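Here is how the chains run, residue by residue.
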Amino acid sequence: MAQFQASAPTYVLVVEDDPILMMSLVDFVEQAGCEPVEANSVREAIQILETRTDIRTVFTDLDMRGSTAGMQLALSIRDRWPPIELLMVSSQPWDASQIPSRGVVLGKPFDRRRIVAAIRAFAA
Amino acid sequence: MPPVTLPPVVSDPARLEALESYAILDTPAEPGYDDIVALACRLCAVPVALVSLVTGDRQWFKARAGFPACETDLNSSVCAYALEQPDELLIIPDLTADPRTSANPLVVGEPFIRFYAGAPLVTPEGQVLGSLCVIDHQPRPEGLTDTQADDLRALARQVMTQLELRRALLARDLTRAKERRAYLAREALRDTQAALTALGDDLDAVLRTIIDGAMRAVPAAEGGAVQLIDGDALEFRTVRGTLVPYQGLRIGMQGTLAGHCATTRMPQRMADAFTAPYVNRDLIAPLNLRSAVTVPLLRGDTLLGVLQLQSGKPEAFSAYDLELLRLFAGVTTSGLGEVTAHAGMRASDTFWRGLFHRLNEGFVVGEVVRDEAGRVTDWRYVEVNPAWGELLGVDPSTVVGRTIRAVFPGIEDEWVSEFAQVVETGHATTFTRQVGSLRRWYEGRAFKLDGERFAVIFLEITARIEADARRNALLSLVDRLRDLTTIPAMTQAASEIVGRTLGATRAGFGLIVGDVEFIDIELDWTAPGQGSVAGRHRYDDFGNIRAPLQRGEALVVNDVASDPRTRDDASTWQGFDIAAFVHMPVRERGRTVAVFIVHDVTSRVWTPDELAFLRNVADRVEVSVARVRAQELQTVLNAELAHRLKNTLAIVQSIAASTLRGVTEREPVEAFERRVLALSRAHDVLMQKSWSAARMRAVMESVLCMQTDMDRFALDGPDMDISPQAALSLSLLLHELATNALKYGALSADAGRVRIGWRTEGSQVPTLVLDWSEHGGPAVTPPSNRGGFGSKLIRMGLMGTRSATLDFDPVGLRAEFRAPLAEVQVLVH
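If you're matching them up, the sequences are chains E and R in order. The numbers in the working numbering rise by one with no breaks, and the one at position 103 of the first sequence is 103. The numbers in the working numbering rise by one with no breaks, and the one at position 624 of the second sequence is 624.
Bound conformation, chain R alone (with noise of 0.2 Å):
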């Protein structure tokens, strides 16, 4: 076999890093691909479809349908060849002719494959993943068709939306992990300054306190210790954790990391013990130190010693941890300067002020204003910082001395009754919650100072709020839509789910007519007190709005007022209560067929993040319709191909009876018409489920009511879905025995009946029984001879087993048969 030469990009490390970035490989499966790969075979009308992701060295499949392995090495790898054209479907129309892969294993062997296309999964900064391919185990010269490539690359897109929300979730979890992280570590941070403040000139409570809060910021620490400069020693001072039986252990300066950090006076951070250069090996084992994290106090420019966290892990702190001790550190020394200095002075006041106008953090200092009753109705600002008026789009100077109610009329009462709890508990309280009138949503936190005082620590959360918002309303469109069988159902949950998740006033669908000259609305979502907008409506009634559309782009306007496109029409679209809009194409062949539209009341900027979930329902509303046109184009064959199987089986019954127009005995000619009666009624069960199954019982009733009443048969056992071969080897066979059961059987006698009972037995190769059993009848004799084609059918057995057992019974004929379940049996979900 020739050299597989692989295209360079395969292992280019830049590509291999975005595909770990999704942490996909290796995942078990899930329904949303397996969804798309089927979807991907019915469409492209093939065996086989894959989301293969190509690693460096190996094609791994994250969803496949018709394929049997979950992953092959690269040198059978066709889709490794789709990541050299990010920009278009790689379409081998003949697997064998192409120089590529005419040596491919899985071409020249098992499982002979002939046709392959592939839709590359291009993540948004461009890297390509693998592909989204269909494969034939037949040439296809023609290719695709253009309905077939597009449909390919839709759900390619929907592959990569799927793996950009898995991404995205990864990435809030880590954020949120941060976030808790900073927040903790501000925490401390706080309450130590607050503590500091409190202190007198004791000392060591003060390195108590730094040492407390550090190690509650760092919770990577085992131990923590304050080594003050004594002499020429470092004495610990104060210790805590692993260290805490060290107290008072006096260590050099030289050789050791601390005093190397004290000599050089810089922040020290130690991955592991056993390779540092500036560390005293003999209390590695005692002090268990393996890594550590080392900060200078210092007041101004005079030395004090340092503050050292350390674990008995190797690399346990991360440069963030460092410049969290350096903070504290920073405390420390006012701290200890103080105390030094026997100020016993409380920090000043331009310290806090500070502070407070540097903090990213909104910051309030609000007091609670009562009724006569004393009950707190309202509060008023007493200060705020510059970050507040960022985080609320108000200028911090015209408030202070208004109330919050004045401020912001109709805020939420939780504003008001919240903070007035920490006033009368004292308890401190953490908060998330939305200013409705401004649509942000703040994350912090509120305690009490003195008397009717409190203050609020506060971060604006709006854009991660809102970007979980849309991520749970994508999740929940995937389900809706899955659930939904008709284009209009799907439409509107889509809407309504737009319109919840993007706080709009109106959210709709609408289908184009024409090169974008009508619009005709479909029943639309509205917020309460909004009129719809259904019906048809002409683009140009409305301004110079038809260009984006035509070339398949979304239609945002901000504010109908301003934009040039529409502002000469602005006083038309606030008839209809619209001051900002969207309109997001709906794309098929290359056209703009509909659109989606929401709507609002009041201007607002649509976001970037905004529109991309736009196009993404969009994109999903697209996939799912195709989902449900291509069901039914399939219900519509099934019903022709039924209707043309019947009347070609009642052309095949034409012909054999007047074939056999010469026989005499018409007998043996109606035996047959009947028999093709009993196929066609199992063909007639199976069709119920486009041929896939049928259940037991009803191939049973429908081919037993053909021969006579049926009350005269008893059926019994546990109904099943059994596969097509089954129900027509049990109509027949079932036919075959009431055919001799009604001439020379129980059903000959009026009193006459059977009983058809089944059942599986056996647990490691489970089998089907089935029993008939004829009683009331004339009494039994065996036939003379061995019969003719009906009983060589009923000797066939089930499913051809010829595992039949007779018993000429003179009460009654009893058959047994049986069958493996596994070929009777099929499993549909």
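Isolated chain E (complex conformation) (with noise of 0.2 Å):
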């Protein structure tokens, strides 16, 4: 889907561990344009992150194994990449004022219009 694009894919890193929630977010990258780079654990997904320095975008599971894990892993990143977009979906109500700054929380089941408006306005 990313071959019409004249310039370099924009790469977005999904974490999830659950391998069939998996299948659908990458579905949701590549709809909006962007290439998905899969991490299956917090612990990789920091790895990818700590070896390259193209991903743009995060997007995350909020509910994983070590409940709250995710939310750790978006936290993290805002503080050491500053730069990079956090887009996460969740299962469950969560507090706004938790959020780290720019980023945007989606409910589940997921809402596909508005999953892939919000990675392509990332990515823009």
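Some clues are possibly wrong.
If you anchor each label on the Cβ, the simulated ranges turn out as follows [stated by the list, open to error]:
| hint | chain 1 | residue 1 | chain 2 | residue 2 | range |
| --- | --- | --- | --- | --- | --- |
| 1 | E | Arg52 | R | Ala639 | 45 to 53 Å |
| 2 | E | Asn40 | R | Thr760 | 50 to 58 Å |
| 3 | R | Asp12 | E | Gln92 | 22 to 30 Å |
| 4 | E | Asp54 | R | Arg755 | 47 to 55 Å |
| 5 | E | Gln98 | R | Arg172 | 54 to 62 Å |
| 6 | E | Asp54 | R | Ile651 | 53 to 61 Å |
Derived from the structure by calculation, the hints contain no laboratory data. Being a predicted model, the structure only gives us computed values, none of them experimental. A virtual CB, placed ideally from N, CA and C, is assigned to each residue, including glycine.
From these two lone chains plus the hints, build me the complex, please.
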């Protein structure tokens, strides 16, 4: 889907420990015209961010094993890599004051239109 | 069906009499009991709970949850078997397997009950009235958990407390009526005595005074007569009421009630003239004589006549009435004696002194003390009787000649001003008032004597006032606890009520740490001027006091300086302004987990009634805390369930999307995803009320805002609570309509709008009518085919009623849906 873009692809790091949900998240990233980079755990996501500099957006599930892992990842990304944009999905109500600045949280089940629009907005 | 053998205790007369004493059978439902069964259902996780009272021939339910009938015959009773074991729960894991219940109509037929657990309702006297039982439609081999069993017992105690309260109120009303009666009788007697002393030798005046007094003291009397012996007949000398026309009537001594009384010189109570042996039957009708009390009038050994009261109703008089009449006869005798002796003397000083001494009531003669301006500022004791000393706790011989302000320093001003008023105006007055420094309440009557003197006759009513205060406190505690939702708020409310009711200086609630090693006292209530003791304290720093609390008994100390358990540490206690205290344990699973504490700055004897009150408060707080914990747990479970449901729906979306990856057209996939989303939005709204109901408008808004801006919709109708099924149906229906409107209808144009209106129609079977009307969009043409899932869903209508009318008006689509209101709406209180 990204081939019609003239410039280099826009990479989105997708963090999700459930393989079935990962398929959907990847699908949304591709539909938004971006290139997904998959991480199956928070640790793997940090490793990727430490070794690559071309990630502009992180798309993470907040419901991962170790209940608060997703939110901790988001907070440490905002701390260590301030320019990276954050898109999050969650099945639980969230406290707006806890969300890192510029971060966007969307609920589950997925609203494809909003998710794709949010990825596009960050990639633009 | 084999014959049912009920335990013999069911028909035990003592048990049935105990049940009768609560006067509870066939009374309307009350929220106090309803709350308990609702809580029992929740705590034991069962659909049915009952407060069941077992009579000799039926079981009647004071409260019921999940059970249709308000009573059943004993054939269908399981609770009857609970009566056999007052000390333990009756648990039957599978009613079909127990010989006592396998043939029970409620087991073999509707509603097919399977599991039963009942906690006996035991009176303080040990009689079992019935049970608080929980019932399930599934067998439960594991029975109840220990916690559930504890909870059921605690709730059964609460049922008994409610019942006891009811019985106490009945008994109080009865006692009050009796006291009132006795008070009126005493007043009548006293007035009669007073009047007699003022009369000279006018025989008829004496008799009039006496019969008026007797008629006043015995309200059941319709007529009365003093009949004096004249030769061998009795003459109606003074008559009242229905006997007024018979002034001067003479009746024989033989075969009459009065004659029998005069002959035997014994008081007589005739219950019914139709069956009584000594009555002149010819007189029954004209005198309207059906029942009577008659007493002889004697002077020394000389018989003067009889005093008789009568009624046209049978059984009008009690033994008490006869007693009263004897008292009046005694007064009459002394009056007549003087009259017949032509003594012309007033009642002798000795007579009055004797009466004065024997009275159970306190009696005071006082004389007001005036200042230079002539205002009454105090009063002096002239005379008091022995009962006065007992009722005030002061030696009577020490007070005569002193003033009340000197005897009771700091006494309330009303004790002076009210009696001053009596002397100034001459009007008698009644009072109910406390002597604060004694903590005792009195009720009495003050009347003027002569000059500056007055007399007071009174009784102590402290026990009654305090019992009333405790009852009212428990009632207000129940109300407060029902409204409060957090545990600290509950313990604070209870502390304040306990402190005020017991007149203590401090009250609070503390959590026990370890095996009664430490206590963490939460914010406590204190009387004005007292400091808080909130914080952690170590029990061993305060004496050897842990043992009773470890056993689950109350720790009661009347005086820290003399109690062997605390006297060595008395100064520690006094440092906290504590001279007397109670720690009342709150138990959970056989352990003391918290205590109610009450302190007093002065030593005092904690009465059994006060301790019972505290026990009761502790029980109530325990039950309410259990209720709050159950609700908190439910909220957590609901949130967890919502979270899992949403995550699962996301997984369903993913599975569908990847399963349909080969489908080149993406539109059906997206339509599916959005339908799942619409369903989930309805769940979000339902979750706010724990899936029991949802607000109609909130359901509509949450599903419509997913599609486009809300300002393109106009919602017009009464908001209401709708059922979970209705919420899901409504959200899917609106989702399809809005999707179509966006694609082909009004919402596909910028200026297009949709109006959604709803109303109820019909009074017999109310119907909800929902209108969807589009306007401002492109011209409408009817669809050429029957359409897919979306169109089918729309034709199914609300709640699947298929009552859907579609009008493809070129101006804009109009659709009308109908469903029975009863299926849509739920009533939430």
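Hint by hint, here is what the structure shows:
For E:Arg52 and R:Ala639, the Cβ-Cβ distance of about 37 Å falls outside the hinted range of 45 to 53 Å, so the restraint is violated. In this structure the hint that E:Asn40 and R:Thr760 lie 50 to 58 Å apart at CB holds, the actual value being about 54 Å. Distance hint for R:Asp12 and E:Gln92: a CB-CB separation of about 59 Å, inconsistent with the stated range 22 to 30 Å. Between E:Asp54 and R:Arg755 the CB atoms are about 51 Å apart, so this pair conforms to the stated range of 47 to 55 Å.
At about 58 Å, the CB distance of E:Gln98 to R:Arg172 agrees with the hint of 54 to 62 Å. Hint check: E:Asp54 to R:Ile651, Cβ distance near 30 Å, so the stated range 53 to 61 Å is violated.
Hint violations for this structure: numbers 1, 3, 6, all remaining hints satisfied.
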